[in-house]
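So you can see what is in the structure, the chains are spelled out below.
Number of protein chains: 2
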Amino acid sequence: MIKYSNGQTYSPKDIKKKETKSVSSLKRHLSSANRGMDLEGDINASNEYYKEHDLCLITKRPTPINVVKVDYSKGAIITNAYFEKQSTTDYNGVYKGRYIDFEAKQTKSKTSFPLANISKHQIEHLKHVLEHGGIAFFIIEFASKNEVFLLDAKYVIHFYENGERKSIPYEKFTEVAHKIKRGFAPRLDYLPIIEEIYIKS
Amino acid sequence: MIKYSNGQTYSPKDIKKKETKSVSSLKRHLSSANRGMDLEGDINASNEYYKEHDLCLITKRPTPINVVKVDYSKGAIITNAYFEKQSTTDYNGVYKGRYIDFEAKQTKSKTSFPLANISKHQIEHLKHVLEHGGIAFFIIEFASKNEVFLLDAKYVIHFYENGERKSIPYEKFTEVAHKIKRGFAPRLDYLPIIEEIYIKS
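Which chain is which? The protein sequence lines are A and B, in order.
Under my numbering, the first sequence is numbered contiguously, ending at residue 240.
Under my numbering, the second sequence is numbered contiguously, ending at residue 240.
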């Protein structure tokens, strides 16, 4: 019997079932035309894997929501609220005592990553992270190529602030970013890259 | 002119106005009977101060909300949602490259801090933080005494898991916790304690 962090236990039979289901969903996932849309799911599953295997602890920040009205007559149902713009990044956590902070984005473009969907607040946040000795990067997926890269935040900040073009060319990724290996578990194994470029050196 | 992180600029005159307002609100705050309720506000203001002065970067995690229904006809208004239980902690961030993680709580009790409002998930989360070399603690206010302490997570975990009583006696705080100095700016100066007990040693 294996005990999972959600408190459930699984017998080997259950695990087989679970794996069979996962393999087929993985296949479905890999063949899916809009696989790029599932980047967040892949990262969340990888973080869960890392946590279960005591490798690191990375959590997703909840989406900030501004609550306007709550109906307490039905037990605190929110009846009026709106999404706020994320002023930080999606993920942060700890690996070997070090602070980790990153944002995940995907693009359908084959030639470049457009900077339009990164906010000024996020760039400011990542600059602060670097200033305080944190590890800051982006995980960027070129969905049409089925390639996912880890790119240090300093390059994104540089392009954001000095770039004449409002995008980072794909060639830049092949030059300075690190390709993340896709697999079964973890689905996106980005931790060895952190070890290699931030911890070892 | 001073430029604030929110993008606004203030002239010296504005700052004077701002400070006058802040002093009076501070006085109101200090004389307030339910000052304990404002612990979160004090921590947020202190974090803002630390960020402005380039001392560290600590952010508050948004409250997790499960969105059930969104009305797109009015521009993405959430019309049905509910609060989820926080499975991690309220705050995390980076200081001198190190990962910081903490939860803030207040009690009206004069004799002990009840563990009832700390969830098992939060204890599990903090155990993971410690396991990966992060700095983990609680900021706990005894509102009736106007005293705020920083208490290392290991003590809370110990009491949570082994304590015969479901609370931590006030005497334990005077013995192993560190009293946080209240002031004008930052309102709760907890960073020197982190420097002293986690970084220096």
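Just so you know, these hints were derived from the structure itself, not from any lab.
It is possible that part of the hints are untrue.
Where chains are identical, the list cannot tell them apart; a pair therefore holds if satisfied intra-copy or between any two copies.
To be verified - Heads up, simulated DSS-like pairs for lysine-lysine below, C-alpha to C-alpha not over 30 Å straight-line:
1. Lys-147 / Lys-184
2. Lys-108 / Lys-166
3. Lys-149 / Lys-239
4. Lys-113 / Lys-149
5. Lys-193 / Lys-211
6. Lys-99 / Lys-135
7. Lys-113 / Lys-147
8. Lys-90 / Lys-205
9. Lys-193 / Lys-108
10. Lys-90 / Lys-166
11. Lys-211 / Lys-149
12. Lys-108 / Lys-218
13. Lys-144 / Lys-218
14. Lys-147 / Lys-220
15. Lys-124 / Lys-239
16. Lys-108 / Lys-149
17. Lys-193 / Lys-135
18. Lys-239 / Lys-205
19. Lys-99 / Lys-159
20. Lys-144 / Lys-113
21. Lys-90 / Lys-218
22. Lys-90 / Lys-135
23. Lys-113 / Lys-135
24. Lys-90 / Lys-239
25. Lys-147 / Lys-135
- Find the hints from earlier in the document that the structure breaks and name them by number, from lowest to highest. 2, 3, 4, 9, 12, 15, 16, 18, 23, 25
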